[in-house]
Amino acid sequence: MLEHRNVSMIRGALEVYNSGDHDAMRPFLADDVLWHVGGNHAMSGDYVGVEAVIDYFRRVRKETAGTLQVTPAEILANDRHASMFMRVSAYRDVRWMDVLLAEALTLDPNGRWTEYWALANDQDAVDAFWS
Amino acid sequence: MEHPNATKMRKTVAAFMAGDLPLMLEAFAPDVVWYAPGHTPASGTFRGLDGVRRFFTLLDDASAGSIRVEIEDILAGDRYVTMFLTITARRHEERMSVLVAQFAEADEHGRWSRGWFLPDKLDEWDRFFAAANSGRH
Chain A
1 MLEHRNVSMI RGALEVYNSG DHDAMRPFLA DDVLWHVGGN HAMSGDYVGV
51 EAVIDYFRRV RKETAGTLQV TPAEILANDR HASMFMRVSA YRDVRWMDVL
101 LAEALTLDPN GRWTEYWALA NDQDAVDAFW S
Chain B
1001 MEHPNATKMR KTVAAFMAGD LPLMLEAFAP DVVWYAPGHT PASGTFRGLD
1051 GVRRFFTLLD DASAGSIRVE IEDILAGDRY VTMFLTITAR RHEERMSVLV
1101 AQFAEADEHG RWSRGWFLPD KLDEWDRFFA AANSGRH
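Protein chains in written order, with this note's numbering: chain A, 1 to 131; chain B, 1001 to 1137.
Each hint should be verified, as a subset may be incorrect.
[Claimed, not checked] Calculated cross-link-like contacts (lysine to aspartate or glutamate; reagent style EDC-like; alpha-carbon spacing at most 20 Å): (1) B:1011 with B:1093; (2) A:62 with A:15; (3) B:1011 with B:1026; (4) B:1121 with A:15; (5) B:1121 with A:32; (6) B:1121 with B:1073; (7) B:1121 with A:46; (8) B:1008 with B:1072; (9) B:1011 with B:1078.
To be clear, the hints were calculated from the coordinates, so they are not data collected in a lab.
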């Protein structure tokens, strides 16, 4: 069965993300994208608009010295929504994080991401990593 | 044609909305682990059928039975399923409406063995359910 075009688009976005070329993420993000980062840590909060989200990506990359990698276990998508089960690993100084994130996306008609939110299988570990 | 896991998840939601928690729980693995974010008694990691029962009972009690779940969309594969749900509830003059992404992982028997319950507007969710009766997960 052919993969939905939005699944293919997300795979492409994740490759770009892992490359660290965050400016190249712009085509995947709606202008007014709303990005929720849950938990209780320095990165938690809502990021609104492409520039704020790209800046958030840059901060994450800087804080983890480029070690953060996302590896999808599963990507599901149709024309309106997508979800990802994502292994996320990173070093930050002497701290190591390796968690499974459940991630939700709403999509515009062009497949661009309009809203993102997520939860880890070990949120305490995520909070400790960013504390 | 809809994926069998999508159909199964619709039945799970229907059982909850009918108030038939025993029927709902038949869809879960005995060692299910359920993750829910936020800062309410209905937040944290809930383990086993008793934990899942407690989570959904907390939601129902805190909303005085007013909680309503509408399935907006379902994405399903052989192992993972994600529902997008509009959940509304009211208590006295207080109202809540959030979009919840409900993720589930099926075990080899097709039972829900792991779930993630994610409201998009977590602050609104927290405010409403902070009044839920606390207790052990």
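Going through the hints against the structure:
Between residue 1011 (chain B) and residue 1093 (chain B) the alpha-carbon distance is near 31 Å, which puts this suggested pair outside the 20 Å criterion. Annotation: proposed proximity of residue 62 (chain A) to residue 15 (chain A) holds, straight-line Cα distance about 18 Å (limit 20 Å). Distance restraint check for residue 1011 (chain B) and residue 1026 (chain B): the Cα-Cα separation of roughly 11 Å lies within the 20 Å cut-off, and the hinted pair is therefore satisfied. A threshold of 20 Å between alpha carbons decides the hint, and for residue 1121 (chain B) with residue 15 (chain A) the separation of about 28 Å lies outside it, so the pair is violated.
Restraint check: the Cα-Cα separation between residue 1121 (chain B) and residue 32 (chain A) comes to about 16 Å, which is no more than 20 Å; the hinted pair holds. Of the supplied pair hints, the one linking residue 1121 (chain B) and residue 1073 (chain B) holds, its CA atoms being roughly 18 Å apart against a limit of 20 Å. At roughly 10 Å between alpha-carbon atoms, residue 1121 (chain B) and residue 46 (chain A) fall within 20 Å of each other, so this suggested pair holds. Note on residue 1008 (chain B) and residue 1072 (chain B): the hinted pairing holds, with a Cα-Cα distance of about 16 Å set against a maximum of 20 Å.
In summary, the hint linking residue 1011 (chain B) to residue 1078 (chain B) is supported, as the alpha carbons are separated by about 17 Å, within the 20 Å threshold.
The structure fails to meet hints 1 and 4 from the earlier list, while all remaining hints are met.
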